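**Student:** Read off the chains here:
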Amino acid sequence: MTLLQVSELRLTFGGLVAIDGLSFSVNEAEIVSVIGPNGAGKTSAFNCVTGFYKPTGGTITFEGTSLLGMRPSAVAGVGISRTFQNLRLFGELSVLDNVRAGSHLWLKQSVFDALLHTPRYRRSERECTDEANHWLDFVGLRGDRYSAARNLPYGEQRRVEIARALARKPRLLLLDEPAAGLNHTEKAEMLDLIRRIRDLGIAIVLIEHDMGLVMQVSERIVVLNFGKEIADGRPEEVRRDPAVIEAYLGSDAHA
Amino acid sequence: MNETTKAPEAPRKIGAQRPQTRLSKLFDNRWVGLVGLLIALLVPFVNASNYTMSIMTTAAVFVMLASGLNIVVGFTGLLDLGYAAFFAVGAYTSGILATRFDLPLVATVPAVIVVTVIAGVIIGAPTLRLRSDYLAIVTLGFGEIIRITANNLPVTGGPSGIYGIPGLTDSPVSLYFVTVVIVAIAVIGASRLGRSRLGRAMRFVREDEDAAEATGVHTYRVKLAAYIAGAVWGGLAGVLFAGQVSAISPNSFTFLYSATVLMAVVLGGMGSVPGVVLGAIIISLLPELLRDAADYRFFIFGVLLIIVMIVRPQGLWPARSKEALK
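Protein chains in written order, with the UniProt record's numbering: chain A, 1 to 255; chain B, 1 to 326.
Chain A on its own, in the form it takes in the complex:
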């Protein structure tokens, strides 16, 4: 079943066309990779889906509901989580607090509960801490979860960001270069983590430059170049696609 449907998406900044008629869809519990050379419009497409950019044209629907004109927090509310290309953790806050942010949308607690410390306040605080711990265990965080997030090593911070996105209990997770800057072992762990997330029934859209990872993990690959979609298919089909080889893989050492 189709979860996310992007049709004829267009995004221009003044005269610059960032995305030019992009269409793709994501089914439930599917891993789709979006690849393309730098500046192809991958992150811009993410920003359109999550409400950070207002597309110039086209439609974006999630389970039949249009996402156009929604602010990012509302998009998060319908069940789409994302991570950022350059880590965007709340650096001064504890690791646990970072992941607790994910529970903001579903946590039932009013200001009066908080001021009076009602049983509901205590229950909901315990619940969101348990949930945060659960997701930190799930992503396999080894570092100190009680201290500030900025003190963690880079690879660990990536895990925390994914834990934060998962704590929101999304149906669809958008990962923007999750393996960037990771070493070989960490990449293998990331691959395993992405698969485990999919096994929870969460669909994943992945932007990634590491072709090894993309080819191993994706069920489908969408290839962009200059804001246009040039291929869409299974990894082995895309790998052989002449247009892709010319635009991207042909000029890339990884191919």
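Note that these hints are calculated values from the structure, not bench results.
All of these numbers come straight from a predicted model, not from anything done at the bench.
Among these hints, one or two may not hold up.
Okay, derived cross-link-like pairs now, DSBU-like style, lysine-lysine, Cα gap no bigger than 30 Å in a straight line [stated by the list, open to error]:
{"no.": "1", "chain 1": "A", "residue 1": "Lys187", "chain 2": "A", "residue 2": "Lys169"}
{"no.": "2", "chain 1": "A", "residue 1": "Lys228", "chain 2": "A", "residue 2": "Lys54"}
{"no.": "3", "chain 1": "A", "residue 1": "Lys228", "chain 2": "A", "residue 2": "Lys187"}
{"no.": "4", "chain 1": "B", "residue 1": "Lys322", "chain 2": "A", "residue 2": "Lys228"}
{"no.": "5", "chain 1": "A", "residue 1": "Lys187", "chain 2": "B", "residue 2": "Lys322"}
{"no.": "6", "chain 1": "A", "residue 1": "Lys169", "chain 2": "B", "residue 2": "Lys322"}
{"no.": "7", "chain 1": "A", "residue 1": "Lys108", "chain 2": "A", "residue 2": "Lys169"}
{"no.": "8", "chain 1": "A", "residue 1": "Lys108", "chain 2": "A", "residue 2": "Lys228"}
The hints should help you fit chain B onto chain A, whose structure is shown.
**Tutor:** Showing chain B alone in chain A's frame:
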């Protein structure tokens, strides 16, 4: 779903090994606040002169202001340079209602809350779309607008202000006790707000607005909530102030006053409730303690502040990111 069991086991234990100095343990202790409150309540038994009671009551009101501004500046990271505006709105609302309709001061509190919430929305709604420096300038402007309006309206008594405001109680000592208790409740309230879902959302906004928005935090609404909470705290402090001094005029609510409250927040440690309380007490009492230095007292006061900010830029008692184990 059984995939979760694959995750490495028990990393929580590693996180639990947290070296703590004896001092930091002491400052983390929740009894510190209670001890502070006890000391405050014991002051009248040591010295109950009118002068002491007056400066101590003023200090308590100042603590309430600082804890309110801390919600806006410390938790949410919105630089507000016109906080005295809400102090003025609260003081004037209760002063006008009490003198015009012969009401006891306590009866004006519901009206004060309503009016300060409205003031918070009016000032906050259009300005909170702005970021950092721009917001600071606009709040500075609003602070002046409120003061100049009070200076020119007949209902606020113009430059001479409002006088004959009834006190909360009849003696300086009982007024002090009542003020300390109310301020303590306000400080606990601010601290609990900071540890709630909304308080966390405020910190997310402070740390990274885009990331907060992406996690589902309606950043604009959270900022407005912080602003309104700050307005209510400031307004209620205004009621205490009106009751204490019985006469208010626009001169009590200048930019310098807003800046002084902000100074208390920064000196104590932005975002740290105990720090801000400490900062407010120091800022309000130090000039009094330096009275012997006569003409030099504000000079010494200034030099001391500069030294503190050089030696401890994070504040005297900064907020810590490390979490206490529960």
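**Student:** If a hint holds in the structure, say so; if it does not, say that too.
**Tutor:** Status of each hint after checking the structure:
1. Between Lys187/A and Lys169/A the alpha-carbon distance is near 24 Å, which keeps this suggested pair within the 30 Å criterion.
2. For the given pair, Lys228/A sits about 18 Å from Lys54/A by alpha-carbon distance, which is consistent with the 30 Å threshold.
3. Restraint check for Lys228/A and Lys187/A: satisfied, since their Cα atoms lie roughly 29 Å apart, inside the 30 Å limit.
4. Our distance criterion of 30 Å between C-alpha atoms is broken by Lys322/B and Lys228/A, whose separation comes to about 47 Å.
5. A hinted pair counts as satisfied when its Cα atoms are at most 30 Å apart, and Lys187/A with Lys322/B qualifies at roughly 29 Å.
6. Among the hinted pairs, Lys169/A with Lys322/B is consistent with the structure: their alpha-carbon atoms are about 26 Å apart, no more than 30 Å.
7. Taken as a hint, the Lys108/A and Lys169/A pair is honoured in the structure, with Cα atoms around 15 Å apart against an allowance of 30 Å.
8. With a CA separation close to 43 Å, the supplied pair Lys108/A and Lys228/A exceeds the 30 Å bound.
Figure legend: structure checked against the earlier numbered hints; hints not met, in rising order: 4 and 8.
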